[in-house]
Amino acid sequence: MLASAMSAADPAALLAVKDLELRTKVVMEGVRSGLHRSPFTGFSAEFTEYRQYTPGDDLRYLDWRAYARSDRYYLKKFEDETNLRALVILDVSRSMSFGSGEHPKIEYARTLAGTLARFLHEQRDVVGAALFDERMERVVTPRWRPGHLQHIYATLTREPSGRDTALGPALTEVARLCRKRTLILLISDFLPPVDTWARELGELTAARHDVRALQVLDPAELNLEFGRAAVWEDLEDGASQYVDPVQAREGYQSRINAHLNAVKATFQRHGALHHLTTTDQPMADSLVQFLQARRGQPTTREEASA
Amino acid sequence: MSLLSPWFLAGLFLIAGPIVAHLIRRATRDQISFSALRFLSPSTPRLDRRSRIQHPLLLLLRCLIVAMLALAFARPYWNQSTPPTANADPARLVIVLLDRSASMRSPGRWENATEQVEDLVENLEPSDQFELIAFDGTSETLISAEQWQQTLPSERAGLVSAVVREQSPTWQATWIDNAVARALETVRETNELLGGGAGAELNIVSDLANGSRLAGLASLDWPDQTVVNLITVDELEASDGFTLQWLGWGADQGQGAPARVRISGPPAATPQSLSVQLWDAETNEPWQEPREIVMPTTGTQLLALPISSDAPSTLRIGLSENPAELGGSLYIVKNLPRELRFQIWGNDDVRDTNRAGFYLQSAVSGWQDPVVISSTEASADTPALHIVTDQPDAAELTLLQQHLADGAFVLVLADSTQLIAAAAQLAGETGWSSQVNQPAQPLLFGEIDFVHPLFASFADPRFSDFTRIRFSTTVDISLSADTATQVVARFDNEQPAVLETPVGDGRLVVWASSWSPRETPWVLSTKFVPWLQSLAERATGGTAPLVVTDLSNVDRLGLPAGTAVPKTTGVHTLPGLNGRTRSVALNVSPSELQTGALGWGAFEDLGVPLANRDSTPAVGMEGSNARPESGLVSESRQRAWRWFILIAVGLLVIEGLLALYFNRSSGAEPVAANPVN
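Same order as they appear, the protein sequences are chains H and Y.
Going by the numbering used here, the first residue of the first sequence is number 1, and it counts up by one from there.
Going by the numbering used here, the first residue of the second sequence is number 1, and it counts up by one from there.
So that you can see chain Y by itself, here it is in the shape it has in the complex (with noise of 0.2 Å):
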């Protein structure tokens, strides 16, 4: 048997309290008083074998309590070396999650933590079970419960000590919530296959900084006999050298859009200079000189770095003093213009205000990305997005389904029966129908599907009124039973405004007016420049993608599926949506760089059932902690001061008991002496 608090044994002394108390007792009691002592003789003392201690089962009994109650708060337990036998305690599940993040990259850590790893799989009992989780931003089993139990106990060691030794810390962010989230799905697993908890040891074995994401663990349910430990690697520090955030991309003020970057580094107490240098990425050259800063003695600085339109379109920012281990550089994609180009296949003069090609120049003037409004056949670029105004011919519907095969947008705004005719071709479809209606009331929308990526932009219900928006001239179409065609919007007497189909790799949509202001408000309505420039970024190839980002985004990458994930820091080509490639820089995540040391009360006011939460929260380098850990965790699950309580609670009971009957049998003797004063 241990103690984890044996200085508590002390309160054994006061087992002398009840002894002195029984001698005191019997010295005052042996005095009897009588009225008539002349008529007596004196007696003859006789030899007294009893001892002088009064009521000594009563006196067995006040020791014992006193000396259970300093057992119990002497929290004992018992060490689990025996060999188990079918009768003992069903295997308790050890869960370590090893934290592999970025922050695991700092000298020291990953080894320590390692070696923590390893002490703590020595100490395990062969009955028990044991899982081995590593994670970052992602969790990953390395060892499983099946794959330990089917490990001979003697190899078992070897085994862990293989695995973890093939590991090395990655780039990602470190989220704790999601890796106790999986380990707990492991432990109910468990407890359902034995039938019930047999307790369950959540081992974090994590440098614990400050950037881990740990607010998903509020929101977890810990089974039964579930307790968490902590096993800090290292003695964090904040580091003392300076980190670089990237906060995005400034406003062009005509040099170009700036980089806009926060520098952090400890507070000093008084001003430091740094200098910052751009190189270039690719060849690793400095591409310009350095830039001297002044950083306040907060240890923070926003900093604007103007980057030429010469400059490579791969950067990196340096500090060129004490630049951190881990965040000490950037990595950034210049953000590239994005060219849209149109074709106009109509015979649109831009000066004609009832004619559309007016408005298209009109609509784009103001837009971020350069776009170039042509009406003949470029040779260089294939135009993204096709805009049908006039009846094509034979030889320019081929050129248009050849350009919807290749991946194009063509938009037909079908103001004539020919005009759907041509859009039915295009489409490939037969047994469409049109007839031109001109209502004596003009049309609304009366149907607009906002989840269809035409209308997505005004899903929400302050961008979504229509009803201004008329139409005095309109198409009819029938389309054929099997058509593939989708109808997105509907006019109010259901016949369709507008259409797409998916023609090859394009699209083609078709408008079933005219967007003549004599004929309908459209191009004059705010929706009109949204609709459009959505038309044309999906035509383009969607949204402008992200450019420099960290690690911890790279889902929002928007990678085709079955792309290989990046799992490094530096300029990365990843394939677009539409088949075209792209830089994407990819930093540390902002989170890793919080390197402080995070408090074990962030864990207790989550919830964290922590088992060693009394204990010094962090361990150095050389320190084991291995074993009064195990020590607190056997004390947790076997509780033993709660029988030395219940005994002690009993033996008072008996000794309240006693007390009572000898109080009783004596009182009959000697109440004599009452004397009245």
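Bound conformation, chain H alone (with noise of 0.2 Å):
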């Protein structure tokens, strides 16, 4: 009731409702009505019996006795596979608490787990959690059973102490906690040099774990358009300086845009998904394309027309 009447299209007034499971409640509404209106089922269809031909499938699993009894095309490949193994990793560095609205990133990336979670769960996939900022802080195992879910929204919302990020370490970490296939959905601002965290992530994917970036940036990481001159300090390593953000803004663009594109090309490099959003994004929207997004194509009309 509470979650139909709120609107998932604004980030901000959903970020205002405390409870972690009521917001994705509410994002998982969209994200359903999303999917139903696209030719495209995302990951999860490649579990189900049966799924609908899509253009670029192999032809190889399409089942040709369903297509004689309904005339349409049904992929049957898998329908013998068993449950997904899934593990949403969460980034709750100091860089996340950054916000130049009314809620930091934070809260949005942990909406965007919870709800990711969620939608795994609801599919009968077993799906854990993972915290991490300088260490792996927290860590839920992969299962299904009753309750498991409410123990993920529990690991999620708990407060980090730590400040760096230590991606590299993290990635390490899963790799070495992921024995069998698991799909591994990584949130994080993707903030720290690609050069500290490229390996890890290399051996992550060689070890045929299904890696997806999902990197949560405020829209002020990206162009600049915040503060004013003053004394800027850095919330990680506490370094500061000087800055006056109309003499920085075109150097700062220019090199965040750098950066960004390095790590779109790592990703695509190790052969894992990527996907950018920023928190003034409607959550639903950026899932429902972060679920669309195949492996190699790119996730957004924008990166397309590029």
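Fair warning: there could be bad hints in the mix.
Now the stretches of chain H that chain Y is said to cover, found in silico as 3 or more residues with beta-carbon under 8 Å [as the list claims (entries may be wrong)]:
1) 51-60
2) 239-253
Part of the chain H face toward chain Y, derived, beta carbon under 8 Å [to be verified]:
3) S95
4) F98
5) D189
6) E221
7) N223
8) I256
9) L260
Think of the hints as simulated: they come from the structure by calculation, not from any bench.
By construction, the Cβ of each residue, glycine as well, lies at the ideal position given by its N, Cα and C atoms.
Please assemble the complex out of the two chains, which come individually in their own frames, going by the hints.
Below is the structure:
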């Protein structure tokens, strides 16, 4: 009732709701609605019994008998596969606490993580969660049992105590934890230098894990339309310097774009999906786009046109 | 602009608070947290021409608020030194009430009071209205507002000085309430004349002695904007001298009635000895040897001084040691017995219990005043009361008419038609007719005029029951239509029972019945003696008058209209009601002997709007209290502090709105870092 009354289109209004479970419920409804309108069904469709054929699908898995019965193309390749193992990994470092609006990035990312976990859980997939900052904070092993989703919510809402982002060691730890093939959903701002975590990402994808990265940024981090001439302090390492945003904007934008390109290129090189969203985007839209993205395909219209 | 409480300006130092707060806030808000500092290159700091103070307008408002509050508490006022203009505030009315009661006779007080009045007048504005009222037991306007208006401003101070210097303290009591009531009448008249309250200032220049009468102040209705200044003329201390206060005559124990006197003085650690002496008031010679008394430590002693019969009629009681300046001696007049003379016109044997003479003799036996009853014409003193019991002959009638014309009272006990005819002849009226009436049932008094002096003493319901007095034989009297005779009582058959008529200077009283116990129990009743005594006292000139009293009780002496009221202490010869003179001793009012200072709380308790209640109550002889009082009065009239408070509140509202605006506008920029720890 409350969930339907709330709009998932306004992230600020949604994030004003304190309860993470309720937020995920609202976003979930938006995700379902978005998926029904789409010809794509997302990664979860690979594990259903039948799925409608979509252009680009491997024709080897087409179910010809079903085609003969219904005159429609269905894929049946995975109808005998077991449930998917998934792990949602959330970055809770201090850089995620930045927000130019009323809410920081971490709240947005936390809601996305909770919604993804709920989405997978409702498909009867085994799902787990992990938090990291300068080290792996908490890990909820992927399982499917009653109350497990609430356990994940409780873990996601825990306040972190660390400061820096140590993405490389976190990925190494994930590789150690996940012995079986796992869908790894990585949610972070990916602001640390690429070379500090690219090798660990390669090791993870080489272990046949399906890695999908959701990069969450504040709009101000993209354009620097924020702040005033003052002493600025880094949230993670505490370094400070005098910054006049008017003066620094141009150089900043070029550097952050270069960094984002490097991030995207790194994921592409390692065959992992990457999707960038900002905290002013409706969460359901962000998730739908994320779910619809195919490996190696552009995730947004802007990327496609580029 | 002047300040009544300038020390509150120290509150201006609190302005430092907002300034420091603004500096501190700037320092703390100059840090901005960001997540991707490594992508930012350091900027070259620009030369910031702005003041380090953040939001200088807000700071200015906050400083102004503090300053306004400090100024309001300092109670500012403006001196009215500028010449009045047509648009100036309406002139205030200044009324000075100058105490000239007996207590002002203490050395230095009166001189100081007159100086205070002169100082006060010098500080008046030319546009101010002024009235000077001198008061003691009465109030007298010395300078009216009209007289003040008609005097040139340059001559006003001289006028006040001349009028005040003509005055001197009287021996009267201090009735402040009467004087203030009179002043308030002037205030109301002025307000009505000007069509609104212009503000009035009552300055009571007095020693404010304890004995001053204030009770009437409680019932006064104070007009708006009326304030009272109490200007004490002297540091009052209780007098260290001894005073004498008259308490009355004591019971005569055979050696003459003693004079009862209270001696009061300051309390002492050890009993003191005093000597009291009687002086002849006429010759001012000592009449008796001093009498030693011992004053207890409480400082109060009651004394009964025996006054022998051979003492002079007028005396002064004096103290040999340390008499007070005021009330140190006491004048007294001996209470001489008054002889009441009755004459019976008839053949009354005083041993005959059926005749009036017997009961007259019995009734007067216990009287304090000596009574002489005679049955023959006395040559020396004309009796005051003549009682006719038998039919007088023509010569006696002539004599009685003569006595009546001279002012005597004649009582006719008319038990026959002949006596009624004689009474009508004495009254000088014709047309009276009479008839002896012996009713089957005894008659009662049916109607009595208790307002008339004959029966006034029975007016109280406790004494007005005459139903036990019955009459078996009466005389029915018919008066002429144009008669001047007043029917004082009637029988229950509506026939006149007691008549009174003025004849010459005297009065004729007719009793329409016999006094014989066989006819009526009247002479045996408890009402007979008081009735007879009131008649006898009326015939002799009224009740025994006061012979020793004080100057505040002069109106109780019963002086005939037009008599000059004595205003000084001493023995005065005053006229009585019946044309005779008498000696009366007048002393200082006892209230004036209470010379301790009156607390100002007494005025406040009675609702007096004091203007200078916050300042020191008493001002020394050399102290000039005119200027600070003037400031107080100006401040209380202007009440400028209210405007400063209003301005401060207005600034506070503007400051709040501005702060809200700045907060919102700046809040859009740097919400940034709310680090989640």
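Here's how the hints hold up against the structure:
A count of 0 residues in the segment 51-60 of chain H with a Cβ less than 8 Å from any Cβ of chain Y is obtained; the coverage claim is therefore unmet, three being the minimum. A stretch counts as covered by a chain when three or more of its residues have a beta carbon under 8 Å from one of that chain; for the segment 239-253 of chain H and chain Y the count is 10, and the coverage holds. Taking 8 Å as the C-beta contact cut-off toward chain Y, the hint placing S95(H) at the interface holds, the least distance being around 4 Å. Given the 8 Å rule on beta carbons, the hint for F98(H) holds: about 4 Å separates it from the nearest Cβ of chain Y.
Evaluation of the D189(H) hint against chain Y yields a held restraint, the C-beta minimum of about 7 Å falling below 8 Å. Checking E221(H) against chain Y: minimum C-beta separation of about 6 Å stays under 8 Å; hint holds. Below 8 Å, beta-carbon pairs count as interface contacts, and N223(H) has none with chain Y, the closest being about 12 Å; its hint is therefore violated. Interface restraint check for I256(H): the shortest CB-CB distance to chain Y comes to about 5 Å, inside 8 Å, so the restraint holds.
Because the smallest distance between the Cβ of L260(H) and any Cβ of chain Y comes to about 10 Å, over 8 Å, the interface hint for this residue is violated.
Comparing the model with each earlier hint shows violations of hints 1, 7 and 9; every other hint is respected.
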